[in-house]
Amino acid sequence: MFGIPVRQIVISVMWSSFISAGITCGLIFAWIDPGLLLDQFGLEQQSRQHAYSLAFFFFWFIGMGNALLALLFLRPVPHRGI
Amino acid sequence: MRPAESTLPQELYAKRQKIYPRQVSGIFASMRIAAVLVLLGLYYGLPWISWDGRQAVLFDLPARQFHILGLTLWPQDFIYLAGLLIVAALSLFFFTALAGRLWCGYACPQTVWTEVFLWIERQIEGKRNQQIKLDKEGSIRKKTVLKGFKHGIWLLLSAWTGYTFVGYFTPIIELGVNLLSFTSGPWETFWIVFYGFATYANAGWMREQVCIYMCPYARFQGAMFDSDTLVISYDPGRGEPRGARRRGDNQDELGLGDCIDCQLCVQVCPTGIDIRNGLQYQCIGCAACIDVCNDVMNKLNYPKGLIRYTTENMLKTGMTYLLRARVFVYAIILLGIFSTLIYGLSTRSNVGLDISRDRNVLYRDLGNGNIENHYGLKILNKDRKDHRYLVSVEGLDNAKVKFDDDSLGVTASTAGLFQLRVIVNTESLPQNVNPILFRLTALDDASISVTTEARFVGP
Numbered sequence: 000m001f002g003i004p005v006r007q008i009v010i011s012v013m014w015s016s017f018i019s020a021g022i023t024c025g026l027i028f029a030w031i032d033p034g035l036l037l038d039q040f041g042l043e044q045q046s047r048q049h050a051y052s053l054a055f056f057f058f059w060f061i062g063m064g065n066a067l068l069a070l071l072f073l074r075p076v077p078h079r080g081i
Numbered sequence: 000m001r002p003a004e005s006t007l008p009q010e011l012y013a014k015r016q017k018i019y020p021r022q023v024s025g026i027f028a029s030m031r032i033a034a035v036l037v038l039l040g041l042y043y044g045l046p047w048i049s050w051d052g053r054q055a056v057l058f059d060l061p062a063r064q065f066h067i068l069g070l071t072l073w074p075q076d077f078i079y080l081a082g083l084l085i086v087a088a089l090s091l092f093f094f095t096a097l098a099g100r101l102w103c104g105y106a107c108p109q110t111v112w113t114e115v116f117l118w119i120e121r122q123i124e125g126k127r128n129q130q131i132k133l134d135k136e137g138s139i140r141k142k143t144v145l146k147g148f149k150h151g152i153w154l155l156l157s158a159w160t161g162y163t164f165v166g167y168f169t170p171i172i173e174l175g176v177n178l179l180s181f182t183s184g185p186w187e188t189f190w191i192v193f194y195g196f197a198t199y200a201n202a203g204w205m206r207e208q209v210c211i212y213m214c215p216y217a218r219f220q221g222a223m224f225d226s227d228t229l230v231i232s233y234d235p236g237r238g239e240p241r242g243a244r245r246r247g248d249n250q251d252e253l254g255l256g257d258c259i260d261c262q263l264c265v266q267v268c269p270t271g272i273d274i275r276n277g278l279q280y281q282c283i284g285c286a287a288c289i290d291v292c293n294d295v296m297n298k299l300n301y302p303k304g305l306i307r308y309t310t311e312n313m314l315k316t317g318m319t320y321l322l323r324a325r326v327f328v329y330a331i332i333l334l335g336i337f338s339t340l341i342y343g344l345s346t347r348s349n350v351g352l353d354i355s356r357d358r359n360v361l362y363r364d365l366g367n368g369n370i371e372n373h374y375g376l377k378i379l380n381k382d383r384k385d386h387r388y389l390v391s392v393e394g395l396d397n398a399k400v401k402f403d404d405d406s407l408g409v410t411a412s413t414a415g416l417f418q419l420r421v422i423v424n425t426e427s428l429p430q431n432v433n434p435i436l437f438r439l440t441a442l443d444d445a446s447i448s449v450t451t452e453a454r455f456v457g458p
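Chains A and B, in that order, are what the protein sequence lines are.
Residue numbers for the first sequence follow numbering that gives the first Met the number 0, so the first one is 0 and each next one is one higher.
Residue numbers for the second sequence follow numbering that gives the first Met the number 0, so the first one is 0 and each next one is one higher.
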């Protein structure tokens, strides 16, 4: 697809969203205590690592969805008249 | 017919070929080995050092504090972390403008760990020719034994790397004890495995593919180059026309340049390029080609430097300015931000104050025109000593402060939560929403003080 190796496509989707998930976690949890997030979901007995980790995966998967959508929109469009 | 689908070539690339970088020794190889030892020494060693009864470098996520030796950073100190990142980025740009991909060749974790993994591979499977022979002609039994052993060592090192990584976030000794007794937390275990596997996959399998496909720096580093940036270059003026010759042959008679086309520069390249084709995207600036070519030149009694660090201007005009405007500007900006960072860190207040007004009740009318607002106080004692504090209010006349707690005492490096009430008479309230200033001062040290703005609401 796109004339580039499959591994490059996989890396572009998964790694770019990994980086942005890491940055998002860093930014958000510098402002908001992950413990508060746990309280909101009724998971008071869980550790902060639980909140950090789940939030990270949450952002990662959202990012991957974003990247896959971008891939879809990047598909070449047929020219007019054809 | 849709031309976009039918005319796009299906394969613009060849299937990945395994690269067998030939071992090399020389001055730049020695520098790289030194960098590996220092950096990995720091990485694996730092979590084991203690400072003042706790781990010296600990990014304590559960307690939301980052400890770096004597410095403790709180979430409120995020700006210093941001400042540090900016300094790191600017330093990277500075070094890139000066001498190209120094980071890639000498300091990048991918390079560092791949070098270690390649060294392990060389110890087990042998030198380059032996590795190629093993892959092409080796028996299934021999391959299984040798490669199985290699992957085993790689996995052990990866596991230790993952354990060390998590050891920067939860105290490493405690983590180790928990792991050995199978009582470690699920997430700690998960991240050890995750990061360990990432090390194994990146350094063992992916190698140069990380530099080519995954690295963001690889994509934009070229933009920081100019004609005076030191880059690794083959000198075609000296080297061409290339050709093999016998020892003792006169090269001028044969009409040959210094390059004997031994292909060693290609064999040592970890990304498999031919530097004689010019500086390419894949080149990570490791200078292995320089080392090996100098070796060959020595053997032929030709002068060194057929492949060398030089600049575009140097090659074109014979003159170059290494210390140019761009370099000075980077240096000045770096110095400025760095000193601001150090100054800010050293004059940080040792106490923080967060005020949250009780939102449940807008205000309470106590009679006689006295209005009361309820506040929650979070006092962050960032000092290493326990302190007791005094709170006063400014901005409204005759404001009275009443505490629900006996005293505002907070132990070292912790936050304390307190309730207090502020009472102001309506005649002193100019509006219904008034800005007020809370001032917190340590009882035993007036220099430890901080102010926070809040609002007082009346009728």
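Any given hint might turn out to be false.
What the hints assert, rightly or not - Just a sample of chain A residues kept apart from chain B, beta carbon distances all over 12 angstroms, derived: (1) Q7; (2) T23; (3) A29; (4) D32; (5) I61; (6) L68; (7) A69.
Said to hold, decoys possible - Computed Cβ-Cβ distance ranges for the label pairs, DEER-style: (8) A:I31 <-> B:D357: 15 to 25 angstroms; (9) A:L42 <-> B:W159: 30 to 40 angstroms; (10) A:M13 <-> B:Q281: 13 to 23 angstroms; (11) A:I31 <-> B:K315: 29 to 39 angstroms; (12) A:Q44 <-> B:G368: 45 to 55 angstroms; (13) A:G21 <-> B:R420: 52 to 62 angstroms.
Claimed, not checked - Over 10 angstroms on every C-beta distance to chain B, these chain A residues come out as not near it, computed from the model: (14) P4; (15) I10; (16) A20; (17) W30; (18) D38; (19) G41; (20) F57; (21) F58; (22) G64; (23) A66; (24) L70.
Derived by calculation from the structure, the hints in this document are not laboratory data.
Ideal Cβ placement from N, Cα and C applies to all residues, glycine included.
Results for each hint:
no., hint, result
1, Q7, "violated (5 angstroms)"
2, T23, "holds (14 angstroms)"
3, A29, "violated (4 angstroms)"
4, D32, "violated (7 angstroms)"
5, I61, "holds (19 angstroms)"
6, L68, "holds (19 angstroms)"
7, A69, "holds (16 angstroms)"
8, A:I31 <-> B:D357: 15 to 25 angstroms, "holds (20 angstroms)"
9, A:L42 <-> B:W159: 30 to 40 angstroms, "holds (32 angstroms)"
10, A:M13 <-> B:Q281: 13 to 23 angstroms, "holds (22 angstroms)"
11, A:I31 <-> B:K315: 29 to 39 angstroms, "violated (55 angstroms)"
12, A:Q44 <-> B:G368: 45 to 55 angstroms, "holds (47 angstroms)"
13, A:G21 <-> B:R420: 52 to 62 angstroms, "violated (43 angstroms)"
14, P4, "violated (6 angstroms)"
15, I10, "violated (5 angstroms)"
16, A20, "holds (13 angstroms)"
17, W30, "violated (7 angstroms)"
18, D38, "holds (15 angstroms)"
19, G41, "holds (19 angstroms)"
20, F57, "holds (14 angstroms)"
21, F58, "holds (16 angstroms)"
22, G64, "holds (20 angstroms)"
23, A66, "holds (14 angstroms)"
24, L70, "holds (15 angstroms)"
Hints 1, 3, 4, 11, 13, 14, 15 and 17 from the list above are not met by this structure, while the remaining hints are.
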